[in-house]
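These protein sequences, in sequence, are chains F, V, U and A. Under my numbering, the residue at position 66 of the first sequence is numbered 66, and the numbers go up by one with no gaps. Take any residue in the second sequence, note its place counting from 1, add 1000, and you have its number in my numbering. Take any residue in the third sequence, note its place counting from 1, add 2000, and you have its number in my numbering. Take any residue in the fourth sequence, note its place counting from 1, add 3000, and you have its number in my numbering.
Because the hints were derived from the structure by calculation, they are not lab data. Some hints could be false.
[Claimed, not checked] Simulated crosslink set (DSS-like; lysine-lysine; CA at most 27 Å straight-line):
#1 A:Lys3028 - V:Lys1153
#2 V:Lys1028 - V:Lys1153
#3 F:Lys153 - U:Lys2028
#4 V:Lys1153 - V:Lys1101
#5 F:Lys153 - F:Lys101
#6 A:Lys3153 - V:Lys1028
#7 F:Lys28 - U:Lys2153
#8 A:Lys3153 - A:Lys3101
#9 F:Lys153 - F:Lys28
#10 A:Lys3028 - A:Lys3153
#11 U:Lys2101 - U:Lys2153
#12 U:Lys2153 - U:Lys2028
[What the hints assert, rightly or not] Coverage of chain V stretches by chain F, computed from C-beta distances (three or more under 8 Å per stretch; other residues unrestricted):
#13 1039-1049
#14 1122-1128
#15 1143-1157
Don't be surprised by glycine CBs; every beta carbon is placed ideally from N, CA and C.
Number of protein chains: 4
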Amino acid sequence: MAQRIRIFVTGGTFDKQYNELTGELFFKQTHVPDMLRLARSHVEVEIETLMMIDSLQMTDAGRRLILDCCLACPDPRIVITHGTDTMENTAAVLGRGISGKTVVLTGAMVPYQFGSSDGLFNLGTALAFVQALPPGVYVAMNGRYFPWNNVRKNRELGIFEAEE
Amino acid sequence: MAQRIRIFVTGGTFDKQYNELTGELFFKQTHVPDMLRLARSHVEVEIETLMMIDSLQMTDAGRRLILDCCLACPDPRIVITHGTDTMENTAAVLGRGISGKTVVLTGAMVPYQFGSSDGLFNLGTALAFVQALPPGVYVAMNGRYFPWNNVRKNRELGIFEAEE
Amino acid sequence: MAQRIRIFVTGGTFDKQYNELTGELFFKQTHVPDMLRLARSHVEVEIETLMMIDSLQMTDAGRRLILDCCLACPDPRIVITHGTDTMENTAAVLGRGISGKTVVLTGAMVPYQFGSSDGLFNLGTALAFVQALPPGVYVAMNGRYFPWNNVRKNRELGIFEAEE
Amino acid sequence: MAQRIRIFVTGGTFDKQYNELTGELFFKQTHVPDMLRLARSHVEVEIETLMMIDSLQMTDAGRRLILDCCLACPDPRIVITHGTDTMENTAAVLGRGISGKTVVLTGAMVPYQFGSSDGLFNLGTALAFVQALPPGVYVAMNGRYFPWNNVRKNRELGIFEAEE
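Looking at chain F on its own, in the form it has when it is part of the complex (with noise of 0.2 Å):
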């Protein structure tokens, strides 16, 4: 249970900021520091920012970077934060690609910054789970979690549910 566990973070909705100039949402810097400050968190973890994108431009080769990082963390515990939009499909690269390491993705459907954010609660999930999980890639999404090949979106609304 005291084991340190890395924080890959990749973007997502989770993170973005609205840019009051231009009426725009952006990405500065990640805001899971405040998040686990606000949430008193006294787990252990190291947060790294990997990339800040939207997961509608995750490609092929930030998909392997993320699992290379995976790969090469030296803790067996790893939460990444990753856009809703192609969650499951990085899970899917990193599920045929890993073994013997607890890794568990988790994003939101409103930014942290916005007043009625999941965010807060997806980090929570995802930190439990991550710690109480054996082996294995996982989504925590809505409360719940869910194998890496058994989840999708739903993209009507907006929820994750098992493939079957």
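Chain F is fixed; fit chains V, U and A onto it per the hints.
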């Protein structure tokens, strides 16, 4: 994973509200359903309010009631929201009296209705731990989980820690 | 002081919302009634939504409609919520066409629904200025008020200022 | 309009904070500078904290101090943040003792740090009224302004109203 989770509400800082006429903190209704809605949670839960008290007011009879409700509950996974001041005492009563169920107590240092609450994060960790941990009674605070017989609140720091 | 105030809603950043399915900003309903409730406002107001648009989409016909509504309005005190990008242009049309009424335009740099909005503050200043200023057309932003013929938005800084 | 405004801080609900170790409300520092930053205010102000107390603790000596500070202040426009419970009493002392300056007292029913505070709105109205009203002493609450000699707090409803 698809099993229903029972949530027993007992009050605590989690659910305190500000009375703008008197300037005092008080209890009205639990915020747990609002929190799960904001979290976009799709975990199947049944929420039941057992009492609405500050945990400094928790009596032996109150703890006995919580224990009885856990024993009578057909769901094998139970989350209990509870004030932090005596959470470890209630956990001990439950830990000695319950077997074969996963029970997770959680709370908050700051009321959910106030700006910077840890409540949403804690509720997320509790819901995740209760799904993923083996049977036993645990406290989920500060992003971590503690078995009932090895946890105490550090009152100077306002965090939970293992007894050694 | 006890006179009723008319509030004409035209949209703008003030009322933008985040669509969590598409990740885009859009308009649904005005937040002005919610804002006045949170503000514990007891000013007698009548709120009327004239349009719900980004002020970059505001046309001459739109400005003419706002002017006509101001002229037809029996209340001598009018607040108009408006996007900041072309607020000065609408103010100029109203300033040239209206006499004998106090009209105050206001808006926001950040949507009210997002965490750190100036909207509630701006609505407060607009409601106060409209009660206390003599007849005329004004812009209320950044805690200040500007006559319609001496105001411009500084787009680099995102603030309103006198033209000299 | 470009005149500097003095803001005297005296405490009140406005500035109360939640002590997460004791569960009690207390005062630390004023939030007025933070509020003006969030409001993107560009009004020239000088903020001075005179005391940090609940207005039920306000004494005659305290009111005399506030009066002396108003009299000595070179700025002709003054906003005073004050607890709501005895705001009308302080307004009366100031109203009898000050001439030739515009003084506006305001406060909040809910602390600024809590979710649903009226504080930001009230600060906006006070800053606007102090710029636009003729010399005199006023209370600005609930979006309205009241001369010092015709205002009282309705304690059942938690709103300010004219005495008749």
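Quick rundown of the hints versus the structure:
{"no.": "1", "hint": "A:Lys3028 - V:Lys1153", "in the structure": "holds (25 Å)"}
{"no.": "2", "hint": "V:Lys1028 - V:Lys1153", "in the structure": "holds (26 Å)"}
{"no.": "3", "hint": "F:Lys153 - U:Lys2028", "in the structure": "holds (25 Å)"}
{"no.": "4", "hint": "V:Lys1153 - V:Lys1101", "in the structure": "holds (24 Å)"}
{"no.": "5", "hint": "F:Lys153 - F:Lys101", "in the structure": "holds (24 Å)"}
{"no.": "6", "hint": "A:Lys3153 - V:Lys1028", "in the structure": "holds (25 Å)"}
{"no.": "7", "hint": "F:Lys28 - U:Lys2153", "in the structure": "holds (25 Å)"}
{"no.": "8", "hint": "A:Lys3153 - A:Lys3101", "in the structure": "holds (24 Å)"}
{"no.": "9", "hint": "F:Lys153 - F:Lys28", "in the structure": "holds (26 Å)"}
{"no.": "10", "hint": "A:Lys3028 - A:Lys3153", "in the structure": "holds (26 Å)"}
{"no.": "11", "hint": "U:Lys2101 - U:Lys2153", "in the structure": "holds (24 Å)"}
{"no.": "12", "hint": "U:Lys2153 - U:Lys2028", "in the structure": "holds (26 Å)"}
{"no.": "13", "hint": "1039-1049", "in the structure": "holds (count 5)"}
{"no.": "14", "hint": "1122-1128", "in the structure": "holds (count 7)"}
{"no.": "15", "hint": "1143-1157", "in the structure": "holds (count 3)"}
Of the numbered hints given earlier, the model fails none.
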